[in-house]
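Protein chains: 2
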Amino acid sequence: MLVTLKQIAEELGISITTVSKALKEYPDVSKKTRKLVRETAAMLNYKPNSFAVNLRTKESKTIGLIIPEIVHHFFSSVIKGIISQAEKKGYLVITLQSNESYELEKKQIDLLISKRVDGILISLANGTADYKHISEVLNQETPLVMFDKIAKAIKCSKVTIDDRKAAYKATQYLIDIGCKRIAHFRGPLLPQNSIDRFLGYKQALTDNNIIYDPTLVYLLNKMSFDEGKFYANQLLKDHNDVDGIFINTDLVAIGAISEFNNQGIKVPEQINVIGFSNWFMASVISPSLTTINQPGFEIGKKAFKLLYKEIKDRKKKKIINYKNIVLETDLIVRESTV
Amino acid sequence: MLVTLKQIAEELGISITTVSKALKEYPDVSKKTRKLVRETAAMLNYKPNSFAVNLRTKESKTIGLIIPEIVHHFFSSVIKGIISQAEKKGYLVITLQSNESYELEKKQIDLLISKRVDGILISLANGTADYKHISEVLNQETPLVMFDKIAKAIKCSKVTIDDRKAAYKATQYLIDIGCKRIAHFRGPLLPQNSIDRFLGYKQALTDNNIIYDPTLVYLLNKMSFDEGKFYANQLLKDHNDVDGIFINTDLVAIGAISEFNNQGIKVPEQINVIGFSNWFMASVISPSLTTINQPGFEIGKKAFKLLYKEIKDRKKKKIINYKNIVLETDLIVRESTV
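Going line by line, the protein sequences match chains A and B. 1 is the number of the first residue of the first sequence in UniProt numbering; add one for each residue after it. 1 is the number of the first residue of the second sequence in UniProt numbering; add one for each residue after it.
There's no promise every hint is true.
Note: identical chains are not told apart, hence a pair may lie in one copy or across any two.
Said to hold, decoys possible - Once the Cα atoms are required to be at most 27 Å apart in a straight line, the calculated BS3-like pairs of lysine-lysine come out as: (1) K316 to K115; (2) K35 to K107; (3) K24 to K316; (4) K229 to K180; (5) K312 to K115; (6) K88 to K107; (7) K6 to K318; (8) K115 to K61; (9) K106 to K132; (10) K58 to K115; (11) K222 to K88; (12) K106 to K61; (13) K88 to K61.
In case anyone wonders, no lab produced these hints; they're calculated from the structure. Owing to the predicted nature of the structure, the values given are computational and were not obtained by experimental measurement.
Put together the whole structure using the sequences plus the hints.
Set out below in structure tokens:
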């Protein structure tokens, strides 16, 4: 059973107030008594009640993290980055999953607010198109930082990569190695990063005087391995002249390569493939996958740092300047491109 | 800013006590006032202070989870199982990482206890050989459930698979398909699951009248992809007659297969490979990996259920019967075995 101040008081035959004051090192308790209380508390393995501490300091030293999916190489890297940084500052992290659902995301936000977390980190669900639940958090002056899947319309601090630039770089690379007909497997319509990756792809084509052909763009929903297989098969049926694909995420690209392997289509000789994110898996499949490196651990660290600064600044009643951190990415060339 | 009872009281020109009583639906406040307070609270977006609630109920509705590593397919599946189940019961999950270090694990336990979580779920670090920190938690009557990497000596509820049986099954399969010289890449000396997997391997050899050769067993430390490559290379140097390997975990097996591929050693024609855990990656590499399916999501769910029951039973002052749940595993045969 957890030891209370009362038990320490009974043990020593003094009042609870004296015990409490002694533990806080109040000078109106004698040095001798303070020492006695400290030693007794240590002997009984007394731990201060953190709820009581919370009431006094109005801090929970806990933050909430909402991500779309936990079993996911990129997001687990982000979680690791956040937790490692939070630990350094003595903060605990409550992790919740939105399953890409707007309704669930709203519920999780409410839960964290009612729990009085000191701040919230969030990567939006694909299903989120309305941001009222986010605005409410910000209106209540609870610090909130978005990362990865963000809402441009919302004013708060954000950590992202330049998705458009990264997609442009990937597509330009396909053009540079000689691809003439380049397809794109894009993500759902809503999240900003899937829009930006599509726009980067399109811009690279235009800048290289390649006519944009909308039939070469496939809209995916689940972004799964199986969807990768399915649309690779569809692409082969629809267009026998495609010589390169830029794919929104590695998992889908790995599915596509698996389908090409099964059908005897040679990667990269017949089709060059570039993915996005640099999941660990990308380096161990055969052929290994050329991809954009998305620094999940760094994104997590930076997101926590921004949140921490905001928590501290608000406490000091400082004016909050929202920051927009954009991390660099690079293209990692492997075997799936010539 | 979060709305307080005081603000509601000021808004209505009544006392804080009346507001508090009204929100708790006390009958000594008139129906009309109760309705007015409820409506005002809703309008001002009032959320009850959860720290105050906690002090009253002595429950935090929060549990702690300590795992060795987050960026890990098996553990992220476990986290997902735990969070999904915790959500159903209204519990939040604080996740901490031990990095396989005993010192860090001890620190994390202390942190969770000082935070007064309602219970703790833990998979032990490879570095943990002393269990005093765990006993202390149990002595303080804080519910704790171990999963995956457990300590046999500690009396508490546990969720595991039968590692010995699973390893026996994998080794027996290698024998059944004709392997005569079977190597084993084992995990570190400490965690029970690496001991049990080794013992299952050894038992299968003995039961099939194959002489156990300790030089065929390699002791790994980091259990990484690179270690898999390194020891695969070492094995080829040490023993040119090996025709099968049972490997403690998929990530290492995938490293080994990658090294065999690089050196032109044909899997499975020259060497059959079986892994352990069934990481998603196992199904997408080439050749795909035969492995033991370790149900991470199920383990997480079951572990939370046991913890929840213990939290409730303790509250009702019931006697706690520790449970030992052992989940079934099966062998998934893919291309890395003939």
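Next on the checklist: Checking an output row: K58 and K115, CA cutoff 27 Å. Within, between, both or neither?
Outcome noted: both (12 Å within a copy, 14 Å between copies)
Next on the checklist: Checking an output row: K229 and K180, CA cutoff 27 Å. Within, between, both or neither?
Outcome noted: within (23 Å within a copy, 38 Å between copies)
Checklist entry - Is the C-alpha distance from K88 to K107 at most 27 Å within one copy, between copies, in both cases, or in neither? => result Answer is between; shortest inter-copy Cα gap is 12 Å, intra-copy 29 Å.
Next on the checklist: Within, between, both or neither: how does the pair K88, K61 come out at a Cα-Cα threshold of 27 Å?
Outcome noted: For K88 and K61, both the intra-copy (12 Å) and inter-copy (25 Å) Cα distances are at most 27 Å.
Checklist entry - Between copies, within a copy, both or neither: which fits K316 and K115 at Cα up to 27 Å? => result Result: close both inside a copy and across copies, 22 Å intra and 25 Å inter.
Item to check | Within, between, both or neither: K24, K316 at alpha-carbon 27 Å | outcome: within (24 Å within a copy, 34 Å between copies)
Checklist entry - How do K35 and K107 come out at 27 Å by Cα distance, when the copy is not named: within, between, both, or neither? => result Close across copies (25 Å), not inside one copy (48 Å); limit 27 Å.
Item to check | 27 Å Cα threshold - placement of K318 relative to K6 | outcome: between (40 Å within a copy, 25 Å between copies)
Next on the checklist: For K115 and K61, with the copy left unspecified, which applies at a CA distance of at most 27 Å: within, between, both, or neither?
Outcome noted: Close inside one copy (11 Å) and across copies (10 Å); limit 27 Å.
Next on the checklist: I want to check one pair: K312 and K115. Are their C-alpha atoms no more than 27 Å apart within a copy, between two copies, both, or neither?
Outcome noted: both (19 Å within a copy, 21 Å between copies)
Next on the checklist: When Cα atoms must be at most 27 Å apart, do K222 and K88 count as within-copy, between-copy, both, or neither?
Outcome noted: between (36 Å within a copy, 24 Å between copies)
Checklist entry - Can you tell me if K106 and K132 fall within 27 Å by alpha carbon in one copy, between copies, both or neither? => result within (9 Å within a copy, 41 Å between copies)
The structure is consistent with each of the numbered hints, conforming to all of them.
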